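Student: Protein chains in written order, with my numbering: chain A, 1 to 465; chain B, 1 to 620.
Just so you know, these hints were derived from the structure itself, not from any lab.
Model, not experiment: these values are computed from the prediction.
Just to be clear, a hint being listed does not mean it is correct.
[To be verified] Partial list, computed: chain B residues near chain A (C-beta under 8 Å):
1) Gly5
2) Ile19
3) Met28
4) Val107
5) Lys108
6) Gly215
The beta-carbon is built from N, C-alpha and C at its ideal position, and this holds for glycine as well.
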Amino acid sequence: MRKGESIVAHFDWALFVVYIILLIMGLSTVYSTAYNEDHPNFFDFSQKYGKQVIWVGFSLFLGLLVFLIDSDIYRKFSIPIYLFTLILLVIVLFMPPVNGARAWLGIGTMGIQPAEFAKIGTALLLSRVISSVNIKQQTVRTVLLANSIILIPMVLVLLQPDAGTFVVFTSFLFVMYREGITYDPIILKALNSIPGIKFKETWVGTHFIPLLFVVVFLSLVTLLMSNEVIQFDSLSNLKIAGYWVVMISLTLLAILFFLILRFMSSRRDRNRVVLIVIIGYILASGLVSTVNFGFQGLADHQKDRIELFLGLKEDPDGEDYNRNRAMAAVGSGGFLGKGYNKASVSSVESNHVPESETDFIFCPFAEEWGFLGTIILVFLYMFMLLRIVFIAERQRSAFNRIYAYSVAMILFYHFAINIGMNIGFAPVIGIPLPFFSYGGSSMMSFSMMMFILLKLDSQRREDLQ
Amino acid sequence: MNLDGRKYVIITVTLLVGIIYSIRLFYMQVVDETWTLRAQEIAEKRKEITPPRGVLFDRNKKKIVSNRTYFNLMMKESEMKNFDTVAFAKLIGWTREEVRERFKEIVKGEGTYRNKHTGKRSSNYQKIRAYPFLKEMTLEEIATIAAHLEDFPGFYEEVTSMRSYPYSNGANIVGYLSEVYREEIDEDPFYKPGNNIGRAGLERFYEKELRGRKGIKYIVTSALNNAIESYADGKYDTIAKQGPPLNLGIDIILQAYGEKLLANKRGCIVAIEPATGEILALVSAPTYDPNLFIGKRNISKNYPKLLLDPSKPLYPRPLAAEYPPGSTFKLLNSLIGLQEGVITPESGFPCNKSVVGCHNHPSAGNLADAIKFSCNPYFYAVTRRIIQQNKEKSVFVDAEIGLNLWAKYMHSFGLGQNLETDITGLRPGSIPDANYYDKWYGHHRWAFSTIRSISIGQGEVMLTPLQMANIAAIIANRGWYYTPHFVKSIGQDGPLEQFKKKHYSMVDAKHYEVIVEGMRRVVHESGGTGKRAKLKDYIVCGKTGTVQNPHGEDHSVFVAFAPMYKPKIAIAVFIENAKGGGGLWAAPTAGLMIEKYLTRKITEKDREKIILEANFSGIK
């Protein structure tokens, strides 16, 4: 660090401000949701909002600590940090289960969830390992090494069991994809072992991860919409099957992407862009139709099994309880919402939506602030994610870039799955909404993740010195 | 390998999810109403408050139908703990199996939920909801149970309002309440399962007035179904409003006395105030105590019994039983004859028993005496003159014209058609016209001699006791009537529009005096057939009737009004299978009723005793 330069020089204020805005929105939502008439004080530490204030304060304090430590420590100590989080993950398996999962380390309510911190450890070690290999000479060995760094904590998390965090760990596959570590070498090896075939790379193998994500995501959306009928009251009770809503939305999306890319891309790329959009559209429509009609064509008991897996079983008071109540809460928000502290379905007091202050906190927010609130929230998260991608791309060190991508992808997964399960686009797997949900572990781990990123970024110029 | 392009793939995937979520949120929150409705279903409970029904007063402001507080024993399964079936069964006096059966019944039977998305119906029993385990218990019944309810968490009492009948009289007038059927709920959104509806009588006719207006309270409820707060601070709530009281023309004392007189008999008494058309009493015998029909338990216990009773206590005879009027009908034939000019008050006809049978009396030299003697040949002659006026050469064509004219007159007395009385279950009676006999005998195949029994109120002529009483009222009024009705006023409003309209008979007022005089002679002159209706202080005008009954003993009939001038009461008494004529049973009964109404006292104690002791029920 140069003399006279503040530790916040080259600090990315934009990201920090969005982070703070989300914190404040989260705190106010927790206050409104868990509001207890007998304890109206926001700082009443016997209440969830009081506790959340402590967590936020503690997180900010951790952030300050992070800023006081030289950024180099994270690269250097990534192996001990990773091992430490792994040990915690092992220890937690011997703890008494809470709500059927051995996820808590500590006594009573004052515990931490090691799984949340394991994400940081994994991100740091993965960044270090990938940044140290020469991508141009990647082998099956590199692929396997990177994969095992992810796989070990994944297995441990699954043993708790914590399916949500397990899924979140697959976000690192996106990071590997960005860094060129794909499953292509494995696929090539298999392909080229067939006599007469000699590939240098395969398109599918290279883009396997994002392709898989899009296929899984679109299939889920199609399946979940397949049984739904959307009713347009304002358009003389027009009713449209879920499948057609997906198809229409897909078409509109394609047109939108086409227009954006056409005006933004250079003349040279224009034809290629048009081709990509058209091919992408045809493939996506094909996928949606196949999934939809394939599903509709299934025998009833097979359908039941899939619906059961997705938490889609048509029983509003039974298996589908959470999803149905959550969607009712979100959908009843309307355009402007019911008003602050006016959530009738999802407040903790009414308790129609379970876990409405933690995993389902999007419900009370959407119910109180309506579409106006949710669109702003989606915009804030989009801004944050793209800002982190932007930050990642401006790093000179590969370690910093890979770490930044890890943060972006972890946040993206939390955003996509958490909000997805509130709007019926994702199965109900309990993972928190970053910076929003009540809970100390997630608040601290996300904040630390964020501050390490901000610290690395603020010191990016020194890396090559 | 160019990896830089891959950031665009990541950006695209991120944006794709963001945009799809935005579209989805727009659909769910702004466009699609389904979720808003679902949220209302989940969190906002519409609590209906059923007001007590309007009460019924008699003409002297005596409450004859009122409301009483009853109790439901409610159960909420989610709050039940360590339920001791044996102890509970003992507490409510049931067997263990009965308690278990009742649980099963509640779980199975309490409503269904229709899934909007699939259209499937499924049972809607919820452990967090309260259901009535025992319904409609009296204060005494609940008192013994309530003391021990704290041993059975999840059970508690709830207040409900039901009818009570302080006088036990007039069951066929007031009707009763019972739980609504599914079709009634589908038809009228006012009703919810478990609500009561007027099932007969005035309760049914004035259902819309009596039920009042339901109060609606919107509350936000929690997942455990506890009320949290009023919705929107009660902005949309409405207050329950009790139905207006009905003020009846009924004199409950007279009604009760009539029911007493007709004990152990089958028959009817209908009394009307001629000046207003208000029904003073409408006795149907045998009758039942309306208190037997309070609440589901009582109804299911008593209704089948009463329904299967061969003496038909549920049958509203005054309204629905169609009887031949017998000799009382001679009054109408006389009036028509006078109006048509085919007889005069001074006309005399010999008592020629060869055409139609008669009892022993001197030949009547004028109309009033003919009424006094109730001379059959006389009225045979009178009616013949009405029907066969020799307007056509052919006797058959002539009879057709005559009969249709006669029927038209009869209709103007409110016969052969439903009176628009404010009660259900009315029958029209029957006045035969030319079409009627054409069906029997063929067109132009009949003449007066074929249909002569109409002259003495036998055969095809049928009247309900209400119509008979109305005839007495028309004669008392000398030619007009208001449709007989029960309700004088609904709250502050007067009677229904249809009861404010005067109906005139086709016979001019001047022709009535001689009939009235004849009716006076029936009661007050020696040789009159209705002497037993005579009162000391009032002139009673009446006419007896003895209806021949092929199935058994003759029916005893009497129509009357009193006093002769400015009449206060018109009455018809019909006693089935009485051993004796109208003068023997119906006339004294009418006399007692008139005296009771006019003076509230009974002077002829012997007469009363005889009537009270008479038993024509077939059951000793």
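Student: Indicate, hint by hint, whether the structure satisfies it.
Tutor: Each hint tested on the structure:
A hinted interface residue such as Gly5 of chain B counts as satisfied when its beta carbon comes closer than 8 Å to some beta carbon of chain A; here the least separation is about 10 Å, so the hint is violated. Evaluation of the Ile19 of chain B hint against chain A yields a held restraint, the C-beta minimum of about 6 Å falling below 8 Å. Interface hint status for Met28 of chain B: upheld, as the beta-carbon distance to the closest one in chain A is roughly 4 Å, under 8 Å. Below 8 Å, beta-carbon pairs count as interface contacts, and Val107 of chain B has none with chain A, the closest being about 14 Å; its hint is therefore violated.
With its C-beta approaching chain A no nearer than about 17 Å, Lys108 of chain B sits outside the 8 Å limit, and its interface hint is violated. With a least beta-carbon distance of about 21 Å to chain A, the hint placing Gly215 of chain B at the interface is violated under the 8 Å criterion.
The structure is inconsistent with the numbered hints 1, 4, 5 and 6, although it conforms to all the rest.
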